[in-house]
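Each chain is listed here by its residues.
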Amino acid sequence: MFKLIKIAFLGAIGMVFAATAYADFTFVSWGGAYTMSQQKGYIDTWGPVKDGSTKVSVENYNGGLGEVKAQVESGNVTWDVVDILPVDAINGCDEGLLEELDFSSWEKAPNGDSFLDSIPENGTGVSGTISPCAAPQIWWTYVVIFDPKAFPGKKPKRMKDFFDVEKFPGKRGVHTWPQAILEMALVADGVKPNKVNKILQSTGGTDRAFAKLEELKGHVVHWSAGAQPLELVSSGEVVMSIVYNGRAGAAILSEGASFDYIWEGQVLDGDWVAIPKGSKNKAEAIEFLKHATTCASQAEQAKYITYGPMRSCGNDIIKKNEPWFHNGIAVLPHMPTTKKRMKKSVVTDPVWWADHNAELKEQWAAWMAGNK
Amino acid sequence: MALPTYTTTGQRIGYYTYLFYCGLVFFFLIAPIFMIVPLSFNQSPFFGFTPEMLRFEPEAFSLRWYRQMLGICRPDDIITTVCTNKWMIGTKNSFIIGLAATFLATALGTTAALGLSRPHMPFKGTLMALLISPMIVPLIITAAGIFFFYAKFGLVGTYTGLILAHTALGTPFVVITVTATLTGFDTNLIRASQSLGADTMRTFFKVIMPLILPGVISGALFAFITSFDEVVVVLFLGSVEQQTIPRQMWSGIRQEISPVILCMATCLVILSIFLLTTVELLRRRAERLRGIRL
Amino acid sequence: MNQAAKAEILTTDGIPLKVSLRRAERINKFRAFALVLPLTLFIIITFVIPIIAMLTRSVDDKQINTVFPKTFELYKQWDRKELPTEEMYATMFGEIVNADKRAIGKASTRMNYSKSGWKSLIKKSKRKFKKIKEGPYKEQMIAVDKRWGEIGFWKALGEMADPITFGYFLNAVDLKYDSNKEIIRQPENRRIYNYTWYKTVKISVLVTLFCLILGYPIAYLLATLPLKYSNLLMIFVLLPFWTSLLVRTVSWIIILMKKGVFNSILVWAGIIADENRMQLIYNETGTLIAMTQILLPFMVLPLYAVMKTISPTYMRAALNLGAHPMHAFYRIYMPQTVPGISAGGLLVFVLAIGYFITPELVGGADGQLIGHWIAYHLKSTLNWGLCAALGTILLVVMLALYWVYNKVVGIENIKLG
Numbered sequence: 001m002f003k004l005i006k007i008a009f010l011g012a013i014g015m016v017f018a019a020t021a022y023a024d025f026t027f028v029s030w031g032g033a034y035t036m037s038q039q040k041g042y043i044d045t046w047g048p049v050k051d052g053s054t055k056v057s058v059e060n061y062n063g064g065l066g067e068v069k070a071q072v073e074s075g076n077v078t079w080d081v082v083d084i085l086p087v088d089a090i091n092g093c094d095e096g097l098l099e100e101l102d103f104s105s106w107e108k109a110p111n112g113d114s115f116l117d118s119i120p121e122n123g124t125g126v127s128g129t130i131s132p133c134a135a136p137q138i139w140w141t142y143v144v145i146f147d148p149k150a151f152p153g154k155k156p157k158r159m160k161d162f163f164d165v166e167k168f169p170g171k172r173g174v175h176t177w178p179q180a181i182l183e184m185a186l187v188a189d190g191v192k193p194n195k196v197n198k199i200l201q202s203t204g205g206t207d208r209a210f211a212k213l214e215e216l217k218g219h220v221v222h223w224s225a226g227a228q229p230l231e232l233v234s235s236g237e238v239v240m241s242i243v244y245n246g247r248a249g250a251a252i253l254s255e256g257a258s259f260d261y262i263w264e265g266q267v268l269d270g271d272w273v274a275i276p277k278g279s280k281n282k283a284e285a286i287e288f289l290k291h292a293t294t295c296a297s298q299a300e301q302a303k304y305i306t307y308g309p310m311r312s313c314g315n316d317i318i319k320k321n322e323p324w325f326h327n328g329i330a331v332l333p334h335m336p337t338t339k340k341r342m343k344k345s346v347v348t349d350p351v352w353w354a355d356h357n358a359e360l361k362e363q364w365a366a367w368m369a370g371n372k
Numbered sequence: 001m002a003l004p005t006y007t008t009t010g011q012r013i014g015y016y017t018y019l020f021y022c023g024l025v026f027f028f029l030i031a032p033i034f035m036i037v038p039l040s041f042n043q044s045p046f047f048g049f050t051p052e053m054l055r056f057e058p059e060a061f062s063l064r065w066y067r068q069m070l071g072i073c074r075p076d077d078i079i080t081t082v083c084t085n086k087w088m089i090g091t092k093n094s095f096i097i098g099l100a101a102t103f104l105a106t107a108l109g110t111t112a113a114l115g116l117s118r119p120h121m122p123f124k125g126t127l128m129a130l131l132i133s134p135m136i137v138p139l140i141i142t143a144a145g146i147f148f149f150y151a152k153f154g155l156v157g158t159y160t161g162l163i164l165a166h167t168a169l170g171t172p173f174v175v176i177t178v179t180a181t182l183t184g185f186d187t188n189l190i191r192a193s194q195s196l197g198a199d200t201m202r203t204f205f206k207v208i209m210p211l212i213l214p215g216v217i218s219g220a221l222f223a224f225i226t227s228f229d230e231v232v233v234v235l236f237l238g239s240v241e242q243q244t245i246p247r248q249m250w251s252g253i254r255q256e257i258s259p260v261i262l263c264m265a266t267c268l269v270i271l272s273i274f275l276l277t278t279v280e281l282l283r284r285r286a287e288r289l290r291g292i293r294l
Numbered sequence: 001m002n003q004a005a006k007a008e009i010l011t012t013d014g015i016p017l018k019v020s021l022r023r024a025e026r027i028n029k030f031r032a033f034a035l036v037l038p039l040t041l042f043i044i045i046t047f048v049i050p051i052i053a054m055l056t057r058s059v060d061d062k063q064i065n066t067v068f069p070k071t072f073e074l075y076k077q078w079d080r081k082e083l084p085t086e087e088m089y090a091t092m093f094g095e096i097v098n099a100d101k102r103a104i105g106k107a108s109t110r111m112n113y114s115k116s117g118w119k120s121l122i123k124k125s126k127r128k129f130k131k132i133k134e135g136p137y138k139e140q141m142i143a144v145d146k147r148w149g150e151i152g153f154w155k156a157l158g159e160m161a162d163p164i165t166f167g168y169f170l171n172a173v174d175l176k177y178d179s180n181k182e183i184i185r186q187p188e189n190r191r192i193y194n195y196t197w198y199k200t201v202k203i204s205v206l207v208t209l210f211c212l213i214l215g216y217p218i219a220y221l222l223a224t225l226p227l228k229y230s231n232l233l234m235i236f237v238l239l240p241f242w243t244s245l246l247v248r249t250v251s252w253i254i255i256l257m258k259k260g261v262f263n264s265i266l267v268w269a270g271i272i273a274d275e276n277r278m279q280l281i282y283n284e285t286g287t288l289i290a291m292t293q294i295l296l297p298f299m300v301l302p303l304y305a306v307m308k309t310i311s312p313t314y315m316r317a318a319l320n321l322g323a324h325p326m327h328a329f330y331r332i333y334m335p336q337t338v339p340g341i342s343a344g345g346l347l348v349f350v351l352a353i354g355y356f357i358t359p360e361l362v363g364g365a366d367g368q369l370i371g372h373w374i375a376y377h378l379k380s381t382l383n384w385g386l387c388a389a390l391g392t393i394l395l396v397v398m399l400a401l402y403w404v405y406n407k408v409v410g411i412e413n414i415k416l417g
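Chains as they are written, first to last, in the numbering used here: chain Z, 1 to 372; chain V, 1 to 294; chain G, 1 to 417.
Hints listed in this document are in silico derivations from the structure and should not be mistaken for laboratory results. On a predicted model such as this, the values are computed, not experimentally measured, just so you know. The beta carbon of each residue, even a glycine, is placed where N, CA and C say it ideally should be. There may be inaccurate statements among the hints.
Below, computed lysine to any residue pairings styled on SDA-like, alpha-carbon distance capped at 25 Å [said to hold, decoys possible]: (1) G:Lys199 to G:Thr40; (2) G:Lys126 to Z:Asp147; (3) G:Lys29 to V:Gly154; (4) G:Lys259 to Z:Asp147; (5) G:Lys101 to V:Thr200; (6) Z:Lys171 to G:Ser264; (7) G:Lys124 to Z:Gly66.
Computed list of chain V residues with no C-beta within reach of chain G, every gap over 12 Å [stated by the list, open to error]: (8) Tyr15; (9) Glu57; (10) Glu59; (11) Ser62; (12) Met88; (13) Pro122; (14) Leu131; (15) Tyr150; (16) Ala165; (17) Asn188; (18) Ser195; (19) Asp199; (20) Arg202; (21) Phe205; (22) Leu213.
Please work from the sequences and hints to get the whole structure.
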C-alpha cells in the first residue's frame, strides 16, 4: 500500500516538474488579456519566433523594480525584456538597472519622422520617450463608462456630468486609490485637460480636487480590482464607473456588452518596455524591441486589446484597415488615443505621483471613510 | 437522538427549532465549499449558474477551464486569456515549498515534542508558548517581520526563504499533535527496549516511532496544508518564480476573474477532503488503540 | 554524624543515591532540553528575531542621520523662523553630492514621509548639483529647484534629526510632530488610522460574536449527540477548516455577487425583485459574512473540546430538582463552558484582527482594515517605519489577548479537532 502511494506521489512530482518549459528568451509582463495581446502582436509576429530559431517564454510579474534590482545586483539576469510603468522606467534608468537604448536606427514613421518624434506630443508636454531606457508601448487609461440604458433621456457626455449627481442621479463606481480621480475632479471643475497637472501640482491644487469630490460623497461605490467595475455597471449597481479602458473594450468587443464612454478627462498612463541591465540576450532583446515598436506591430496589438499604440503611425494603420479587431469589429471607437480624444485627456505625471502617493492615499482613504 | 417521552409539545418544538438552526449553520459552513464544484464545469466565462446549466443541458457544461488550468490550449477556446501553464508552475511551487517545509517542520517538531513530553523538562510552559507562537501571531505581522529580516540576508524571492518561513508556521501543529500523542505514552516501553539491549536510535525507530506515528503524520499533514494554503507570506516574500497556487488565485481573483480559479479551487477541495479523511482515520486509529484524542 | 552517614544509602557504585539521582535527573533534564533545542533555536532565529527586529524598526531613524549628519548638527542651532544660513545650504549641498546613490535614495524616501516632494527634490538635486562647482550655494540651489527656498521643506527635517523617533507611532494613531517636535493631530483630511483601528476592532468583535452565536449551538449538538452522528457532523466543521482560505473566499464572491447565487435564489423565489438585488459584497456585510464562515471552525473546535468534558449528570440533577430546562442550561451548563467560550472567542478575535486576504477581496473600501495598511506601506510606499509601528501596536494587542488566553485556558490546551 505504502509503496503504491510512494510511486503515485513521485510520479505526480515528476509530472509537475516536466510542466515547466525551457526557453531562451524571456519576456515579462503583467499577465491576462494584456499579455495575450503582446504575445499575438509582438512575439508571434517576430521573425526569429516565426522561423522557430528562438523560443520566447512569457512570464508575469506584479510591477515594481524589486525583481529587476535583485537580478541586476546578483548578476544573474534572467529577464530579457520587461514591461514597466513610467515611474519605474525613470527610476530604473536613473539607478542603472536598465539598459540605455540608442533610438537613432529604429524604424522611422512613414511620414519621415524619426522614431522618437513619432511618439507624439499630446498637449500635455510629454513627447518622445520618458527615459532613455524605455521603448514605447501603449497608452492605457482610466475612463468613465456608463450603461446607456440607465439614461433614457439625456446621456452624460462630459466629465462634469460624472460629478453631477442631480442631473444624472445614481451611484458612481470609483477605485480605492487616489490616482486619476483627482485629475478627473479638476477637469470636472472646469480645468482644461492640458492644464490639469499644473493646477494639481500648484499650491491648493489637491484641495481643489477634493473640494470638487465633495459633490460625489455618498454617491460612490468603490472597487478594488480591475474586474469589478464592469460587474458594477452591468448589474446596475452603479450608473457610471471609472474603469480601465482595456477592460471595457474587451467586454464590449468580445462579449457584446453595451457601454458608452465619456472620453473627456480620461487619464492616460503609459506602459513601456525595457531591458534589464546585463541581459544575457541583449542584442536579441534590442532586435525584439525594434520589432515590437514598429508601426505594424503596434497596430497588430490593437487587434486584441483596446490600448492605444504610443506611436501614432500605429493608429494610422488601424484607421485605414478598419474593422481591425480580430473578430471583425471596428476598434477605433474604443481607442483612447485618437487625435480628438488625446486633446481631451490628461496624462498622469508619474514623478509627482511618486512624491505624493502616500499622502494622497491617506487623504483618499479619509474621503472614502466619509462616503457613507 | 430521540426525545424522552415526557417532553412537552413546547419543548419538542423548541428542540426541533434548535435542530433546524443547527442544520442551517452546518449548511452555512459547508455549502460554499461545494457550490464551486458544478460551476467549475461551466461552459461560459461567467462566475454564476447560467439558465442552461440549471436546465442540465449538456452543452452548458465543459472541461475547457480544466484544460486551461492544465495549460492545454485549443484554438477554439476563446482567446481572452493567454495560454500559460502558470497553474502547473504554481502547483509545482506549492509542492516544492510545501513538502520541504513539511519535512523540516515534522523533523524539528517531533524532536521538540519528544523533549517537551519528558517529565523532567524545565520551563515547559514558556517553551511551549514560544514554540507555538507562530500559530498565534497574526500572519500579516509574521509576514512583515520576516520580509524585513530576510531581506537583509537576500532570502526574499528565494525558495529557501519561503521554505524557512513556512517551516516556522508549520511547526506548532506538529508540536501540538505529537505532544498530544505522547501524553498517553508508556515510558516503560522505552526502558524495556533499552534493557533488552537496543540503543537510542533503535529504540526510537522501533519502539517510539511506530506508536507516535499517527500523531506525527497528522501533524505533518497540518504543516503541509498550512504551507499549501498560505498566501500572505508568499505575497510578501515570493517573487514571480515562487508563485504558488494560492498566490495565483489571489491575483486571479483581483485581475482576471476566470472560471479557471474555480477548477483549481475544486482540486483544492478534493485535496482537503483527502487530507481530512487521512487525519480522521489516523485519529480514530489512535483513539481505538490507546484512547488518546489528538 | 555517624548516624547520618549510616542513613546515607549508596548505589552499587558506592555513590550516595541522592547524588546519583540528582545526576540522573540532571542528565534527563539536559536530554529533554537537547531535544527541544533545535526547534527553539529555529523558531528564535527565523521567527522571533525577525519580529523583534521589525519592532525596533518602528522607532529607528538612524539611516537618514548617517546621510546628513552635519546638516542635522547645524539644524539644531537653526531658529526655524527664516530660511537657513548659507552654511547649512552648503553642508546640505556637500552631503547630497557626496552621498552614495542608494543611501540617498533611501533617505529621500524617508524625507518624503515628513513632507511630500522631498523625494523628487533630492533626486533632481542629486542629478543637477553636479554642475554647480563652487559657492555660494544658497541661490544656486534655489535656482535648481525653487523648493529649496521654501521654509516648509527645511522645517520638515526637524522630526528626523534624532536617530530614535516616535513619529511612526504617532502617525499610526493620527498624530504627528510639528516642526518644533510638539505632538499635534494630523490635519483632518489625513486622519485615517484611528478610524481604521476602530473599523478593524469593530469587525473583529462582530465576527467573534457571530461565530459564538452560530458556533455555540452546533458545538453543543456535537458534544451531546452519540458519537456515530457527531463524528459525521464533525466533518461539516473540519472540512472548511481544511479547505483553502482562498477557495472559501472565492465561493463567497460567487454567492454574494449582485448576480450571484444568493441574490438569484431570492429573485427566483420572488422574495425580491430583479432590480432590487442586494449589495452584499464589496462592503462590510460581505466582509462579515465571509469572515464569520471562515473563522467559525476556530470557535466550534475549542467549544466542543470543553463541552465534551462536561458531565451530563449536572444538568440531569438540575432538571431532576425541578429547574426549567432553559434555566438549568443557563445556570448550570453555560458557566461550565466559559473556558471554551473565552478560548474560542480569543482565538477568533486574534485571527480576525490580523486578517488581510478576505477583507481585501470581498470588502471593497470597507475591507481596508489595518492589515491592508501594513501591506500597503510595506509594498507600495516603502514607509517601513510606519508599517512596523502599525504591526507593533497590533502585536501588543494580540499578546495581551494571548496572555489572557493563557491565564484562562492555558496554551497547552489548544486542540486541533
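Hints, verified against the model:
1. G:Lys199 to G:Thr40: At roughly 36 Å apart (the allowed maximum being 25 Å), Thr40 of chain G and Lys199 of chain G break the hint.
2. G:Lys126 to Z:Asp147: 50 Å, violated
3. G:Lys29 to V:Gly154: 38 Å, violated
4. G:Lys259 to Z:Asp147: Cα-Cα ~16 Å, so holds.
5. G:Lys101 to V:Thr200: Not OK: Lys101 of chain G and Thr200 of chain V at ~58 Å, beyond 25 Å, violated.
6. Z:Lys171 to G:Ser264: 22 Å, holds
7. G:Lys124 to Z:Gly66: Given pair Lys124 of chain G, Gly66 of chain Z holds - Cα atoms ~22 Å apart, limit 25 Å.
8. Tyr15: 9 Å, violated
9. Glu57: 18 Å, holds
10. Glu59: Holds: least Cβ distance 21 Å, greater than 12 Å.
11. Ser62: 18 Å, holds
12. Met88: 17 Å, holds
13. Pro122: Check fails; 6 Å does not lie beyond 12 Å.
14. Leu131: 6 Å, violated
15. Tyr150: Not fine: 7 Å to the nearest Cβ puts Tyr150 of chain V too close to chain G.
16. Ala165: 7 Å, violated
17. Asn188: At about 15 Å from chain G, Asn188 of chain V clears the 12 Å cut-off, so the statement holds.
18. Ser195: 15 Å, holds
19. Asp199: 14 Å, holds
20. Arg202: 17 Å, holds
21. Phe205: 15 Å, holds
22. Leu213: 17 Å, holds
Hints 1, 2, 3, 5, 8, 13, 14, 15, 16 from the earlier list are contradicted by this structure; the remaining hints agree with it.
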